[in-house]
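Participant: Protein chains in written order, with my numbering: chain A, 1135 to 1620; chain B, 25 to 518.
Hints listed in this document are in silico derivations from the structure and should not be mistaken for laboratory results.
Simulated DEER-style distance windows between Cβ atoms:
{"hint": "1", "chain 1": "B", "residue 1": "I499", "chain 2": "A", "residue 2": "G1543", "range": "53 to 59 Å"}
{"hint": "2", "chain 1": "A", "residue 1": "G1543", "chain 2": "B", "residue 2": "S94", "range": "25 to 31 Å"}
{"hint": "3", "chain 1": "B", "residue 1": "A97", "chain 2": "A", "residue 2": "L1144", "range": "35 to 41 Å"}
{"hint": "4", "chain 1": "A", "residue 1": "L1598", "chain 2": "B", "residue 2": "G226", "range": "34 to 40 Å"}
Just so you know, even glycine gets a beta-carbon here, dropped at the ideal spot from N, CA and C.
Here is what each chain is made of, one letter per residue.
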Amino acid sequence: MHLGLILPELTLLVFAIAVILVDLVTQKKEVLVWVSLFGIVISAGFTLGMWGWGSYAIFNNQMAVDSFAIFFKLLFLGIAALVILASVDYTAKFANFRGEYHALVLLAALGMMLMAATTSLISIYIAIELTSISLYILVGLLKDAKSTEASLKYLLLGAVASAVMLYGMALVFGFTGEVGLGEIARVVQGMSLATLLASPAFMVGIVLMIAGFGFKMAAIPFHMWVPDVYEGAPTPITAYLSVASKAAGFALVLRVFYSAFGFPDWLSLNWGIIFAVLSAIGMTVGNVAAIPQTNIKRMLGYSSVAQAGYLLVGVATVGLSAAADVVGRSSVLFFLASYALTNMGAFIAIIAISDKLKSDQISDYSGMGKRAPLLALGLTLCLISLIGMPPAAGFMAKFYIFSGAVQHGLLWLVIIAVINSVISAYYYLRVVKVMWLGEPASAEKVPSSGALKLALALSCFGVLLLGILPGIVMRLAEIAAKMFGF
Amino acid sequence: MDFPYLSLIIFLPIAGAILIAFIPDLSQRMVRWIAAVFTSVPLLLALIMFVSFDRSSAAVGVMQFEEKVSWIATINANYHLGVDGLNLPLVLLMAFLGLMVVLISWKIDLRVREYFAWLLLLEASILGVFCALDLLLFFLFWEIEVIPMYFLISIWGSGRKEYSAIKYVIFTLFGSAMMLTGILSLYFTTGSLSMLDIAGAGIGSFRAVIPVAAMFFFLLGGFAVKLPVFPLHTWLPDAHTDAPTAVSVVLAGALLKMGGYGMIRICLGIFPEVALRFASLLAIFAVFTVLYGAAVTLRQTDLKRLIAYSSISHMGYVFLGIFALTQVSLTGATLQMFSHGVITGLLFAVAGLVMHNTEERNLSKLGGLARQMPVVAIIFSVGGLGALGLPSTSGFAAEFLVFLGSFTSTMVVGIKVLTILAVLGVVLTAGYILWLVQRVFYGPVLEEFNWVSDADILEKVYAGCFIAVIMLVGIYPAILTDVIKLGVLPMVGG
Chain A
1135 MHLGLILPEL TLLVFAIAVI LVDLVTQKKE VLVWVSLFGI VISAGFTLGM WGWGSYAIFN
1195 NQMAVDSFAI FFKLLFLGIA ALVILASVDY TAKFANFRGE YHALVLLAAL GMMLMAATTS
1255 LISIYIAIEL TSISLYILVG LLKDAKSTEA SLKYLLLGAV ASAVMLYGMA LVFGFTGEVG
1315 LGEIARVVQG MSLATLLASP AFMVGIVLMI AGFGFKMAAI PFHMWVPDVY EGAPTPITAY
1375 LSVASKAAGF ALVLRVFYSA FGFPDWLSLN WGIIFAVLSA IGMTVGNVAA IPQTNIKRML
1435 GYSSVAQAGY LLVGVATVGL SAAADVVGRS SVLFFLASYA LTNMGAFIAI IAISDKLKSD
1495 QISDYSGMGK RAPLLALGLT LCLISLIGMP PAAGFMAKFY IFSGAVQHGL LWLVIIAVIN
1555 SVISAYYYLR VVKVMWLGEP ASAEKVPSSG ALKLALALSC FGVLLLGILP GIVMRLAEIA
1615 AKMFGF
Chain B
25 MDFPYLSLII FLPIAGAILI AFIPDLSQRM VRWIAAVFTS VPLLLALIMF VSFDRSSAAV
85 GVMQFEEKVS WIATINANYH LGVDGLNLPL VLLMAFLGLM VVLISWKIDL RVREYFAWLL
145 LLEASILGVF CALDLLLFFL FWEIEVIPMY FLISIWGSGR KEYSAIKYVI FTLFGSAMML
205 TGILSLYFTT GSLSMLDIAG AGIGSFRAVI PVAAMFFFLL GGFAVKLPVF PLHTWLPDAH
265 TDAPTAVSVV LAGALLKMGG YGMIRICLGI FPEVALRFAS LLAIFAVFTV LYGAAVTLRQ
325 TDLKRLIAYS SISHMGYVFL GIFALTQVSL TGATLQMFSH GVITGLLFAV AGLVMHNTEE
385 RNLSKLGGLA RQMPVVAIIF SVGGLGALGL PSTSGFAAEF LVFLGSFTST MVVGIKVLTI
445 LAVLGVVLTA GYILWLVQRV FYGPVLEEFN WVSDADILEK VYAGCFIAVI MLVGIYPAIL
505 TDVIKLGVLP MVGG
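Take these sequences, add in the hints, and give me the full structure.
Facilitator: Shown next as structure tokens:
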């Protein structure tokens, strides 16, 4: 048994159960926030302690504990903490379900932590389902028409995606006779090119798995759920979906495709090209579709599809580069960290503003620069970061990911991505313009709670730090990408 | 490590901006004074640097006041600052304009704190562009500049300010996207982000990821939007027309020079062979920019728009001087950047004054103001004479050097004819400047402007500073050319 190595996960599970129990006995529901945060901090402490221990394969090669997994675990824990901070006021909308809310946020985080660590098809599927089921419920917690519709859509489409992915996994298993990623890789490498070509089932299996993961990453063409679900879900959960769930999808893709299908080169070249094409279509469609949106949550939904496109540039680079080359993987990790902070910051500002306005319409943000200058400043910084302009984190992230791509012959893709960045400036800056130049609808200030301010300040600080002094996090991402066990 | 002059020059305005933005309950008076202090110290430092700059022949092509710290080890980026003869005058120019625009903006009373915070951030970013020797750092500062400009134009501007601001942003982002592509391809080719290292090793010694000429044109495109070169200039008249006075001064005075500086330092410094290959073609664009800009200027009826178009024409001379590729023409181009910065800065400042005091900007409705505002008329005339290149003003020295250098250039095919054509621009310039002065200040005195007040003491002070610099450089240009020469020599020698 390797219980010591899954202490972070166990801690989170214990605290998720503890939240439900505490919820039964206390009337002061604020306690739940503290319990959840406390659990996250302890779990993060254990995780941090494991950094640099080396890589371990545990539970009969079902899971890996390596710095890649630890990097993601810390990311998910950080995001979960920000989500909980950001929902302190928001949970008043579903006062009866506060216990369930916090427990499910923790369980979803647990599922995502497992997604980053799993190394066999079976455990991957279980981790995905744990995450997804928690999120299906969270999306529907508001219990109004839109939220329920969003939850149902997410559930139905998610189930289809799971089925497709399972079918792909079954084909891969049928072809190789293995479920462990390492074993699959060994079987595939042992085969001749002719054998592989004679069996289209294997390729179909890989493509179907891409489809399943694509749903999690909210990448084209598996993004149809995004705008509706983002709009209907409670806003903190929208943030959670757009950041953590997407990052978990990318963690999975990186691990599966690198560990299992990384060799031989012609194979990785094939899926690299698939991802490159998905990336080019994804960012273009996401950006163009975001332009006419009038609801800020929907706009950020399409924006997140476009951001997934930029991230796929990095995944394609992984496919096209030699296995020892870390730049593709580490640039995806850095981009995810930067994107997580940026999008969390943006959503926290939106939670604070929209909660008071009772509206998600961009036009209602008019004059927010006068009514809530700090919130508007924070949101502006995050939007600038999403465009990819210095001095925000988004610039460094794009620079890093594009530089890796060009080194491996994806210049055409980078050109498309750069053009897309310019297009995206239009709709991001429109929000900035409305906030600072529009006339306020009323002179009334928009106050926000201390927890929200703290969460926003943390995100914005992170965005600036990664934008101006990215060296440390880049180094961590490099280590995480290098120590990539299986 | 030596005293970090350059870092202080860049970061003092940023510190000032942070103080202004975040100290609660500042009075407007305090805000102005903080801004004045945090711009005058950089000016002082820049002057000290200028005085102590090593002008001996040993300093040819050597960076002085260098600062270098590892910044992002993963991608080999450094925090690398330094000045040579090429950028020192521009640093001095921006530091000078930085203090001047604070004085020019003294009477702003709308959202004062935000205004001065953005203004200081703008100054810092431009100074950063001029000092940075690392391509990524250069790009970082280059992009930061867009944000304050957007807010400054769209909040404190006039007319179609929001349209102009967004047009400026879109053009700039388009240009910087091209520039980023150029920087990235340069980085992938050489694995380095240091302008000096790449220029020293020679781009030919690497295996380029895309054709070297394409890199050159990506970078040139980014700079050409900023300079601006025809046909990428259309943002400029709008931005100038609608920007507040002080922003016009920075825009014309220093911001356009980022383009010219980038062309010399990066396009010429790193790609000398490509520059030579395309010099004739680019010189044609330069002459077209000169003549087209001047011809369009003649047709303008809006005071600021007219000066804006004259800027385009004057930047054409810079472009011509750069791609004539001789030591004299490059010196002239750099001097022209400095000189144009001061002269047009003055013109915009005075034009803003006229518009503020008379509340009128349409030339057909202005006239005879020399009676009501004699001091302003004199100041504006001096600036105008500088712009048309009258001997004893800096404009003369600069344009003379550009023409002399271009005409004697032996490397560029057809440059003689082009230079002669460009000289025609001077005639047009004389035409529109004299006509402008006549339309605004002379002619029948209009009764409705009898109430208009003349320049007050503050305005006389800053106008005096501008005029002093124009005359000083005009009478003794060697004060700058001796410095510029040191930076330019390695470009044409190598």
